[in-house]
Amino acid sequence: MTETGSGTGGAAMTEKRGNTCWVQCPKCSAWHHVAPDLLRSTHVKMHCPSCHFEFFAAEAQAVIDP
Amino acid sequence: MDKSLKSALPSLGSFLTGFGSESVVLRMAAPIATVHDITALQYALQEKKRYPIVFAEKPILSDGRESAFPVVCNLTASREVTAAALGVEDHRAFAKTYASAVGSPIAPLVVSRDEAPVQEVVQHSDEVNLLDLPALTQHVGDPGPYLTAAHATTYDPDTLVDNVAIQRCWVKGAAAMSYFPYPATHNARNMRKFWERGEDCPIAFWIGHHPLVLMGTQAKMGYPESHLSAAGGLLGQPLRVAPSVTHGERILVPADAEIVIEGWVPKDTFGPDGPFGEYTGYLGPQMIAPTCEVTCITRRQNAIYHDYGSGLDDMLVPDNMVMEGKLYAMVAQVAPSLVNVHVPTSGRRFHAYLQFDNPAQGEARDGLMAALSYRRVKTAIAVNTDVDVFEETDMLWALATRVQWDRDSIGVSGLSGSMLDPSLPKGARTTSKLGIDATLPPGEGAGPSPSLPRSRVPEDALERARDLLKSHSAEEWPLG
Ligand SMILES: [Zn+2]
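So the protein lines, in turn, are chains A and B. Position 39 of the first sequence, counting from 1, maps to 39 under this note's numbering, and the rest follow consecutively. Position 218 of the second sequence, counting from 1, maps to 218 under this note's numbering, and the rest follow consecutively.
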């Protein structure tokens, strides 16, 4: 079914890559995962499910954006 | 209205009374926490493959108060109980019955507000407190309590036709919650139409009703098309509806529901929503969602709060059974030898098993293509009637012994699919799907089928063997 990796498109088609963005809360250091449009939003803050602090991506302790 | 007649009307209460026996309803008299513990009880039951309706009499809220309302969950976790609600004795026959019932809609009956038990208690603005409801925090990582069985009702401002869908709400305060309609849904379309006119979107959420009403309003409809008539078709009588307090006749709510939450979705106002445990069995990411301002809560005097365990059989079973009904109608149109459809909870909502009676050359593949056009179905497998579509070991046996992959698998890319599929590459807007023809070659005229016969023992020998085993107690068995 799947084309095996010959040609330029092969690797892109068959290599698995992560698809989930994570942020680390600047207040309590807990990680939670967010949709890409929320991560990039400049008008809706992310909400830490652990301590309920709200913050933008620029304030996060760390961001994973595969 | 005559009180005895009122109590006989289809409702959550009347359904529970009809299933009052201990074997079907597990009554929890002891206090139990709404944060995690009620959902954990559902997981513990599912581990044991037990699916009673759970009735928690004393839910304890996150602030330590005992809720004034009991919680019912696992209402539709059992295929048998869910089929019985429709009067179908064997759950395997549900798809055909459902397809025919929703195909004969019955228009709702509008009654006055004083005939609506759901408006026995009416709380306006300052009296509204969503935090009094025993909304559950289900999974680790959920940011707070969610309404999971809230049937969001909006209408199309152009045609005034209503739309109903179960859409989750994160309760954030006494009168504030997030409201998450997926962008492709009819409610999201209605909301955008109001916003484009510069108006806030009127909305009402109703909670708790007879399972037939819950499943009828989940029927897949065109746009704009009312779900209330489909519920009537399933009930076999008109669904009683009453004008909502806030929106009057513009939004009619089921008169015999338990609780109604009324309000507005303010134009272009968004907040975070989630993470939330989804039907896929994964915690979905936090997203940008509209918000809802609650103006009024109405309820029965002794309201019961209904919760669906998200991603548990509680939510998957009724939804998948409704999918079976819809798929049956879609596939039978192109493949008349279709006998049955099963959407197994093991595949969440992504797998469909189709059973055919000696399909003609090409017919199973036609049926597979029809099934794959259903947005959520990602894999469809066709088998013959000698394979039990409700037994997954039987399905795997058919895959192992009746399929040549290059000949029998049909891969299709770029179709619309569920955006909640955790395997989708980042940013993808379409999905790839697979149809597998695990049927036998068609028979040709009289004589044996042109395939290997299945190994079997004579039926009477099997009966004798079963009788023989009855006289042996399990303790005597060497392997327990
Ligand atoms: Zn935090």
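What the hints contain is simulated information worked out from the structure, not anything from laboratory work. You may find that some hints are simply not true.
Said to hold, decoys possible - Within a straight-line C-alpha distance of at most 30 Å, the following computed DSSO-like cross-link-like pairs (lysine-lysine) qualify:
#	chain 1	residue 1	chain 2	residue 2
1	B	Lys-426	B	Lys-193
2	B	Lys-220	B	Lys-96
3	B	Lys-193	B	Lys-326
4	B	Lys-193	A	Lys-45
5	B	Lys-49	B	Lys-326
6	A	Lys-27	A	Lys-16
7	B	Lys-426	B	Lys-267
8	B	Lys-267	B	Lys-193
9	B	Lys-267	B	Lys-326
10	A	Lys-16	B	Lys-267
11	B	Lys-326	A	Lys-45
12	B	Lys-426	B	Lys-49
13	B	Lys-49	A	Lys-45
14	B	Lys-48	A	Lys-27
15	B	Lys-58	B	Lys-220
If you're wondering where the values come from, they're calculated on a predicted model, not measured in any experiment.
Structure-based check of all given hints:
| no. | hint | result |
| --- | --- | --- |
| 1 | B:Lys-426 x B:Lys-193 | 29 Å, holds |
| 2 | B:Lys-220 x B:Lys-96 | 15 Å, holds |
| 3 | B:Lys-193 x B:Lys-326 | 28 Å, holds |
| 4 | B:Lys-193 x A:Lys-45 | 26 Å, holds |
| 5 | B:Lys-49 x B:Lys-326 | 27 Å, holds |
| 6 | A:Lys-27 x A:Lys-16 | 33 Å, violated |
| 7 | B:Lys-426 x B:Lys-267 | 29 Å, holds |
| 8 | B:Lys-267 x B:Lys-193 | 10 Å, holds |
| 9 | B:Lys-267 x B:Lys-326 | 34 Å, violated |
| 10 | A:Lys-16 x B:Lys-267 | 39 Å, violated |
| 11 | B:Lys-326 x A:Lys-45 | 40 Å, violated |
| 12 | B:Lys-426 x B:Lys-49 | 35 Å, violated |
| 13 | B:Lys-49 x A:Lys-45 | 41 Å, violated |
| 14 | B:Lys-48 x A:Lys-27 | 41 Å, violated |
| 15 | B:Lys-58 x B:Lys-220 | 36 Å, violated |
Against the hints set out earlier in the document, violations occur for numbers 6, 9, 10, 11, 12, 13, 14 and 15.
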